[in-house]
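The primary structure of each chain is shown beneath.
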Amino acid sequence: MSETLYVQLLDLACGGLLLTAVLVLWRRELAVIIRVFAVQGAALAALVAVLATREGSAELWAVAVGVLVLRAGVLPHLLRRALAGAGEARRETRPLVNVAASLLAAAVLTLLAYAVSQPLVALSPSAATQAIPVGVTVVLIGFFVLVTRRRALSQLVGFLLMDNGITAVGFLTTAGVGLVVELGVSLDVLLAVLVLQILTSRMRETFGDTDLDELRELRD
Amino acid sequence: MNLAATGLACAVAIGVLTALAALVVPARSAVVGVGTVLSGAAAMLAGCAAMSGVSFVVALPALLPLSGMLFTLDALGGLFVAVTGAVAVAVGVYGISYTRAPDLRARGVQAVLPLFVVAMVLVPAAASAGAFLVCWELMALFSLLLVVAEHRRRPEVASAGRWYAVMTHLGFLSVLIGLMVFVARAGDDSFSALRDSARHLSPLVAGVVFVLALLGFASKAGIVPLHAWLPRAHPEAPSHVSALMSAAMVNLGVYGLVRVGFDLLGGGPVWWWLLVLVLGAVSAVYGILQAAMSTDLKRLLGQSTTENMGLVLVGVGAAGLFASSGNRTLAGLALVAALLHVVGHAAFKTLLFLAAGSVLHATGTRDLDELGGLRPVMPVTTAAFGLGALAASALPPGTAFVSEWLLLQALIHGLPASGVAAAVAMPVAVAAVALTAGLAVATFVKAFGVGFLAKPRSAAAAGAHESPVTMLAGMGIAAVACAVLALAPAVVLPGIEAAARVAGDPAVSGAVTLRLTGVTGALSPVLLGLALIVAVVALAGVVRVVATHRVRREARLWDCGGGPMSPRMEYTATSFAEPLQRVFDDVVQPELDVDVTHHEESRYLVRAVEYRRKVPDRIERRLYQPVLRFVATCGERGRVLATGSVHRYLGYGFYTVCGLLLLLAVTR
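Protein chains in written order, with this note's numbering: chain A, 25 to 244; chain B, 1375 to 2042.
This is chain B alone, in the form it adopts within the complex (with noise of 0.2 Å):
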């Protein structure tokens, strides 16, 4: 056994016991924390070592009947185990005490955390087709036992784990027909047998089999149009479930997307990658309109996993543009900036959904509306959420900015190297992510600045306090990592090419400088970040020392003349994105609502103005209202066969057999 097979295999039996430990131990908060964070740490470990070439297969032909299961661990696979495993730790340290409250203290709830884990860390290190679909299947059902945790507490919840349940299961039946297709052309299950057997197969074939595998696959990582789910499950979950699957589980989407497309398939022709490409530039541009629109600070956070998987998507799809024109150099660029981009979001999407769920915890409420002036009672939360959104809104020197860097040095570059396809869709997908980078600036600074600067807005906010250490442990994990990544991209980069190495060649050298090898350009996070500060420090000596050079005079900070400074003069998240609402006003069609009270003595008096918005997610009431409408109406028709008589459906059963066993007789 290796360190890599001995980490997987740690990492599910400490998985597995801690869920049983759950279920009598009476400290079970603790347990399950601990038991998280040493699954976690196993299967960190199971990762990097995957990364640098350590490698193993293990086959278990009882576990399943007929197929078995056979698990390895490439670096691709790696890359993702150890993701899993890093926010996993992440959340175990954060879930010690968040989960002292009832509903997440509950015995089920607890155990299924870590099973949750194991199934995640289990669904990359598949090597078969069964493997792979019992593992994604499990997790499913954990996650979706996580989500509807708190079904007790609010209403909203049930709702939540209907869309979560129908979405996913519907993306599961994808997945599952498409890889039995491939399954069925190569005549045996294992991954291998299908890598052989992908260049025999028609153009016809592996098409269906691809769009099927994309279908399922860009479901789970939200992407539009088949997101509805994540910005209804995201904020409903507990918040440490939250950071789980925005941070890892939305990842396997990926990881099925890049498995099934690069290295089962082999690639593909042009249109298989320009629509990945198109539907990532779509996610990203629609995730963050939706998200800036957005005032539940945790149903922001979904939305943004929606541009942020749209991103990847994008540097996945021009990946595969590249790889099947011939360029080895340029997809192993662009695949390194969407898998560097996959751990940057796991990082920071961890540290800000554990930040939200600290206010969460503090305050009650996720309404940006209502909170506010959060900076003085909560300095480590805010620091952590500021830290966070920096990361998330792709400025130097934060997370995503180096993955998108890396991104549209790959677009831009692949302008010249291929066909007319490319040279339409490049420049396209560069003004998306362009415009998906400023989005995102505005939205950040409007969660950070309206949800935890200026006073607070509500009784809730202002009464809020410092979470307990253990959870300011697990966002301080999650924090360092985003550091780290924004500074040094370097310590992940080899483990990443390697990962890489299914598209293209390695593309990024270099320590403290990133030096691009197929084309020109270099970017050295740490020396970016040093300029900044030393030009912020340069700017505040110089502003002092002319300021200080001037007669000071002290006067009262400029009101309006309405009085001194009231919270209801504070911009709320509703009119930060007004501007926004404005420009994208086509796009979102917001539903406005103004409501005006006169006096009674005159209306030239006006005594109260009530604004309301609301901003409906158009794709969904487009796409997802008919389909809902038509399902509604087929069982209204169906009622007519349920009657309520017992042998009526007896009935059913017995001419059905009796219909097939006659059908057999006359064809055969």
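Isolated chain A, as found in the complex (with noise of 0.2 Å):
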């Protein structure tokens, strides 16, 4: 793969990854949001599998293959499997934060994340190394969504925003984590999502709701 042609796939899939990302604060439709999501994962699967090819690694690839099949596939099924269970509460309706602010918000998210990744892309500048702040943006947005969102589901999904953010920068630093690393974080992620599904189900079923505010009772 020749130099240019290697920039230009990694600057594509980075910007899925950013775009993805984005359109998950604008979008309110959960079914999309979800959609949104696997295509974000299917874009870091696609990342992963650039520099698998630059590095000519076989271990890397079936990193590729993992990330692919996790992300794009097992997560948002489980994710789709929770919103046909939720039956009404299809829309995020009043989020916090309103969507406009949302995008604004996010903008000024990724100037700190550019701002911020600064020393880090210093350190050995490439054309990897360069996109680290797109890695950095999707974590902080993973994090607004957490913060901002109403829904179970929608705070999931920010919640796993951040995941792919951190995998992501993590792959660009350092060019590969380990497989058993990345194995180990993808069983951590899987097992939360888990989790909070059921968490999920189990509030619907108490409250008759997802909305996480009504939780606002049980403190002491």
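A couple of the hints might just be wrong.
[Unchecked claim] Example chain B residues on the side facing chain A (calculated, C-beta under 10 Å, incomplete):
#1 Tyr1998
#2 Val2014
#3 Leu2035
#4 Arg2042
[Claimed, not checked] With beta-carbon atoms standing in for the labels, derived distance ranges:
#5 B:Ser1429 - A:Glu79: 42 to 52 Å
#6 B:Ser1429 - A:Ile190: 44 to 54 Å
#7 B:Leu1544 - A:Ile190: 26 to 36 Å
#8 A:Glu79 - B:Thr2007: 56 to 66 Å
#9 A:Ala55 - B:Pro1529: 51 to 61 Å
#10 A:Glu53 - B:His1525: 45 to 55 Å
#11 A:Arg226 - B:Arg1528: 31 to 41 Å
#12 B:Arg1527 - A:Val121: 50 to 60 Å
#13 B:Leu1544 - A:Leu223: 29 to 39 Å
#14 A:Thr198 - B:Gly1561: 19 to 29 Å
#15 A:Leu120 - B:Thr2007: 50 to 60 Å
#16 B:Trp1645 - A:Thr198: 45 to 55 Å
#17 B:Arg1528 - A:Leu223: 51 to 61 Å
[What the hints assert, rightly or not] Over 12 Å on every C-beta distance to chain B, these chain A residues come out as not near it, computed from the model:
#18 Ser26
#19 Tyr30
#20 Val63
#21 Trp85
#22 Thr153
#23 Ala176
#24 Leu207
What the hints contain is simulated information worked out from the structure, not anything from laboratory work.
A virtual CB, placed ideally from N, CA and C, is assigned to each residue, including glycine.
Join the two chains, each given in its own frame, into one complex according to the hints.
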């Protein structure tokens, strides 16, 4: 693979990551959000695949396939199943911060991520490390989704966005965190999603809703 | 592998295997008991080998990320390993039948006991700050689990556990910060690197390290004013655990202080050791005063631990004082006295706690006012407690007498030896030690006389029974150790002198008669004991000879005309301590409450008098209550932040992360 092609493919994958993260903020329809999240998983897998081709490493290819299966296949499927049981609440009707403000916040977060990652990039400037701000942005946007969205399901997506971002930063900085580590992290994420899914369904059974602000009365 | 390394490895391996076995084997009590004994015996062997000069270094880089773990055993560490091992042997034997009670039989409680012993054995063997701190924390956690073993039966246990958990972790934090400051200056966390870098340390940094370490170690040793956990946790823990904690764990506070102060920092300015000396003297007097007022048998023993650790710190402080003024012989003498007291205290406190556990096992109460009359029904336990009380009360021929005599010798001879600070401190310290010794006699006469002799004052005491044979055997081991230390302290002195080499030169010699090398003074415990026996026998003989020449007349015992003697006429622990309480009224400030009920017909006729006395811990009330109130107020204020909204909590995290990133981006 030529240098230009590599850089372009890398940028394309990173652009996909960033765009999908912003789309998650923009759309309110939960089903759409899940679809966007699946696309982001595919973009992440593509990113890893590009790096794998560059390195010519079979192990990294295996990781890419694993990421694709987990983040574009298994996790969206689990989310969709949770959504199917959700009944009425299929829309993120009243986010704590409205969509326009969210998009502006995302822009600010992107700038912040860019400013913060400069020392990391300066350590060893290369095409891969130049893309670190994208990963950091995805982490921050994920956190933002977690803070501002009411539905348990969109919070779950926010949590997964953060994880996607962390994984992306991991691959961009070190070109692979080792198969075992990646496997462990993936398993953790899967478990977290399963637990949260159960929690969501229990919440619905108990309160008839998955609005997390209903939990306010549980303190003390 | 030499003997020290093999012994230590065996102790750890046996301890861990025992813990695993306790989880699966049905006959847990016996397995844990035997395993603890073997583990303790191996540790004792390793410690003795280390004291005789065998040493080793083991590096385990894979055990702890970044720094790795480093273990070694020198004479000082060996002494404490041996003491811990010996206590574990007695406790293990005792525990075989003691832990048959339903709460103590629980799988978890049984498995933790050998692990606790292993952690305590590893603390003095650690040779790097990382290893030391990990073992220290393990020791604290395991002991905490054991303290709360009986939490289902008594609600006070939970409160004691909370106090202990908070205090021990604050102490750990203090040691952690102190050692980390030290390590940061040295660049490496092995003790040898710390030792090398101590010379280049600025006085300020060295002072900070020492004071932080002193705070942490003093809280573990139960030194005033950080003693609040001790009289709570020791009584509420199961008795064999109390023995381990009081006889082995608190010693490690002293170990840490000696290790950091003398070995790693290489001594220091006079004010360090004056601080230690003053803390020690205050603890000794305050601890024994509280014990003298106490009516709870195990609480009394716990407060006596504060007293004994205070005496040890007086010795350590004096040793530091002499060392910093260049008198290494006296420094050696003072440290030998302190370490001998550590060993002696371990022996008699094991014995006393095990005997107290036996009483608790038989009667179900620790209240001295409700005991009494145990001698006919529990003869062995009574003899054991009597021996322990004699050992603890610094009278010849007692175990504590030898070490306190050495300590007094060091203090008295130190007067002309050093500067103004010592000239002021030494007489005061002598007075404090003497007062402590006197009060200790009163305290243990009370504990033994009121608790075991005369007539039973409650149904529980009347229905007592002697404990099973393994419990008696455990007490027997500790009793033999007490007797040996009292009559032939020369057996352990070479090892202690080797350990005291960190501060000074050897100062005591002789096998039967102990001779001090630097100063004039000699003591022969065996001959002293013999002389006492001869005197008693001679006196008894004379009385008998004189008495047989008189005409004998049988008469009823004088009972003040109040009819036959009843248990209500006896001294109780409260009444026995009353004169002392009057003398020290301003210090202890007891809360007295007298209720007099009159007959309905005439108020000149008294129907009943109810007398209640509570001796609250003044230091605790003055020092801890304001802090606790402040924390509670902060908590109340903090509730504003916690509204219960998940989004708000997540938002705190988000804004903090963004704020930090912004700070990073701006300040870079």
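Hints and how they fare:
no.: 1; hint: Tyr1998; result: 26 Å, violated
no.: 2; hint: Val2014; result: 12 Å, violated
no.: 3; hint: Leu2035; result: 5 Å, holds
no.: 4; hint: Arg2042; result: 7 Å, holds
no.: 5; hint: B:Ser1429 - A:Glu79: 42 to 52 Å; result: 50 Å, holds
no.: 6; hint: B:Ser1429 - A:Ile190: 44 to 54 Å; result: 48 Å, holds
no.: 7; hint: B:Leu1544 - A:Ile190: 26 to 36 Å; result: 35 Å, holds
no.: 8; hint: A:Glu79 - B:Thr2007: 56 to 66 Å; result: 59 Å, holds
no.: 9; hint: A:Ala55 - B:Pro1529: 51 to 61 Å; result: 54 Å, holds
no.: 10; hint: A:Glu53 - B:His1525: 45 to 55 Å; result: 53 Å, holds
no.: 11; hint: A:Arg226 - B:Arg1528: 31 to 41 Å; result: 37 Å, holds
no.: 12; hint: B:Arg1527 - A:Val121: 50 to 60 Å; result: 54 Å, holds
no.: 13; hint: B:Leu1544 - A:Leu223: 29 to 39 Å; result: 36 Å, holds
no.: 14; hint: A:Thr198 - B:Gly1561: 19 to 29 Å; result: 28 Å, holds
no.: 15; hint: A:Leu120 - B:Thr2007: 50 to 60 Å; result: 32 Å, violated
no.: 16; hint: B:Trp1645 - A:Thr198: 45 to 55 Å; result: 52 Å, holds
no.: 17; hint: B:Arg1528 - A:Leu223: 51 to 61 Å; result: 37 Å, violated
no.: 18; hint: Ser26; result: 35 Å, holds
no.: 19; hint: Tyr30; result: 29 Å, holds
no.: 20; hint: Val63; result: 25 Å, holds
no.: 21; hint: Trp85; result: 30 Å, holds
no.: 22; hint: Thr153; result: 17 Å, holds
no.: 23; hint: Ala176; result: 10 Å, violated
no.: 24; hint: Leu207; result: 20 Å, holds
Going through the hint list in order, the structure does not satisfy hints 1, 2, 15, 17, 23.
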